[in-house]
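Could you build the full structure based on these sequences and the hints that come with them?
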Amino acid sequence: METILLGIIAAAVVLVVLVKAYLSHLGLENVIAKVDSRSPFVVDEQTENSLTFSTNVEYVNEGPQCATIMDCLVRPQLPYEQYDGIETRGHAELVSAPREDDYFEAYIIQRKGYDHDLDHTFIKAQVKLIARHGMTIKEAISKMPDFNFQIIWLETGRLVAHYRQVRIEVPAAEIAKLAGTELVEA
Amino acid sequence: MSNDVKIELIPIPTRILTDKDDIIDTVERYTKGKIGPDDVISVAESVVAITQGRAVRPEDLNITRVARFCCRFIPDYGSLASPHGMQSLMDVEGKWRVAGALFLGFFGKLVGANGLFYKWGGEQTALIDDVTGTMPPFDKHIVYGPKDPDKVVEQLKERLGCFGGLIADVNDLKRSRVVGESKGLNGLMAANLLIDNPFGNASQKTPIVIIKNFRQYQEQNS
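Those protein sequences? They're chains R and W, same order as listed. Read in order, the letters of the first sequence are residues 16 to 201 in the numbering used here. Read in order, the letters of the second sequence are residues 59 to 280 in the numbering used here.
These aren't lab readings, by the way, just hints derived from the structure by calculation. Take these hints with a grain of salt, some might be off.
Taking lysine to aspartate or glutamate and the EDC-like style, the derived pairs with C-alpha atoms no more than 20 Å apart in a straight line are [unchecked claim]:
1) Lys127(R) to Glu66(W)
2) Lys209(W) to Asp80(W)
3) Lys263(W) to Glu66(W)
4) Lys263(W) to Glu115(R)
5) Lys35(R) to Asp134(W)
6) Lys153(W) to Glu181(W)
7) Lys192(R) to Asp161(R)
8) Lys263(W) to Asp116(R)
Have a look at this one:
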């Protein structure tokens with residue numbers, strides 16, 4: 016009886032180990048936002064009182080299972096406590112499928128090595144700066160501090176849907192140069 | 059196809075339909091004056107399901123460990139390959155029924171018997187569309203198969219006075235499947251006419267297709 020019991024336990028242990036090894040072999044999705052190799056900031060639109068700039072970030076699935084980006088948004092971090100001369104708005108869209116309605120259509124990034132380059136995509140992260148207090152955008156930017164924005168996305172695949180984020184620094188001097196102005200001492 | 063019968067597929071554009079819409083009233087409104095007694099009305103499976111309120115968002119599901127585990131055994135392109143896709147199936151067909159069917163299906167495959175999971179896991183096993191499977195704003199939803207599809211198509215047929223009603227699952231991979239068909243209609247024959255997916259792909263809004271003159275076509279080819 017004892018031998019049979021031990022045999023059952025041993026078989027169960029072996030089964031668990033085999034299943035774990037199998038799942039480990041299958042692997043998981045692994046989406047990487049390649050912030051370090053993002054494109055330089057470019058001006059998308061400039062008016063008297065606003066400037067919209069953007070950068071393209073490559074999203075690569077380094078895992079052996081396909082992943083889905085269910086949603087994505089850009090969240091600028093420039094509170095009025097820090098500087099109230101500019102209002103910020105963020106926007107994220109797939110470079111391959113731009114939309115004007117600020118809706119992010121869920122997108123599948125196939126597993127690493129998948130055909131037709133479907134194992135990666137590019138997301139355009141866009142920030143709009145709007146001047147306040149009657150200033151022009153050039154005036155407002157000339158007094159602006161450095162700030163950052165987050166790209167936040169809802170990701171799933173083999174894992175339960177979860178939010179992830181990366182942060183991108185925005186040097187004020189770089190934006191001032193793009194706007195055709197320069198920083199002044201506050 | 060016979061040369062004598064001129065089959066014509068007429069996709070009907072609509073606004074995005076939601077669970078606030080009644081599928082019978084909506085189809086009647088959009089097809090008024092366009093459908094006759096020899097025609098078949100065909101409606102996309104996912105749209106019927108959405109109007110029945112059969113869509114759920116992943117964040118509204120209570121995802122169990124069993125679902126997380128079981129989904130790993132489905133190929134990653136399948137609608138049940140995600141924890142929420144698997145959980146949505148378990149919520150309607152039963153957790154242990156689905157897990158059992160998956161287990162038996164796995165062993166069935168080892169001895170050359172394919173498709174047992176889909177046979178024993180419940181009818182929704184093959185009907186659920188995971189996120190991205192449907193056009194916005196339902197791309198962030200899991201969409202079930204429609205409820206009582208044969209009843210829906212009979213109601214459509216009666217309301218519209220047409221030859222037949224069909225609910226089909228058609229995709230861009232040249233695959234069409236009959237989900238519901240009215241009595242007297244050769245659903246498979248009608249679905250094969252939809253193989254080029256006149257419903258359109260994700261971002262198009264043509265969930266209704268009229269198959270003109272299908273009565274004669276079916277009579278000649280039966």
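Can you confirm whether the C-alpha distance between Lys209(W) and Asp80(W) stays at or below 20 Å?
holds (14 Å)
Holds or violated: Lys263(W) with Glu115(R), Cα cutoff 20 Å?
holds (18 Å)
Would you check the hint for Lys263(W) and Glu66(W), treating anything up to 20 Å between C-alpha atoms as holding?
holds (19 Å)
Is the straight-line distance between the alpha-carbon of Lys263(W) and that of Asp116(R) 20 Å or less?
Since the Cα atoms of Lys263(W) and Asp116(R) sit roughly 17 Å apart, the hinted pair holds (cutoff 20 Å).
Restraint check for Lys127(R) with Glu66(W), where alpha carbons must lie at most 20 Å apart
Judged against 20 Å, a Cα distance of about 43 Å means the pair is violated.
Straight-line Cα separation of Lys153(W) and Glu181(W) no greater than 20 Å?
holds (14 Å)
Is the hinted pair Lys35(R) and Asp134(W) satisfied, with a Cα-Cα distance of at most 20 Å?
Cα-Cα ~18 Å, so holds.
Does Asp161(R) sit within 20 Å of Lys192(R), going by the straight-line distance between their CA atoms?
Distance of about 13 Å is within 20 Å: holds.
Hint violations for this structure: number 1 only, all remaining hints satisfied.
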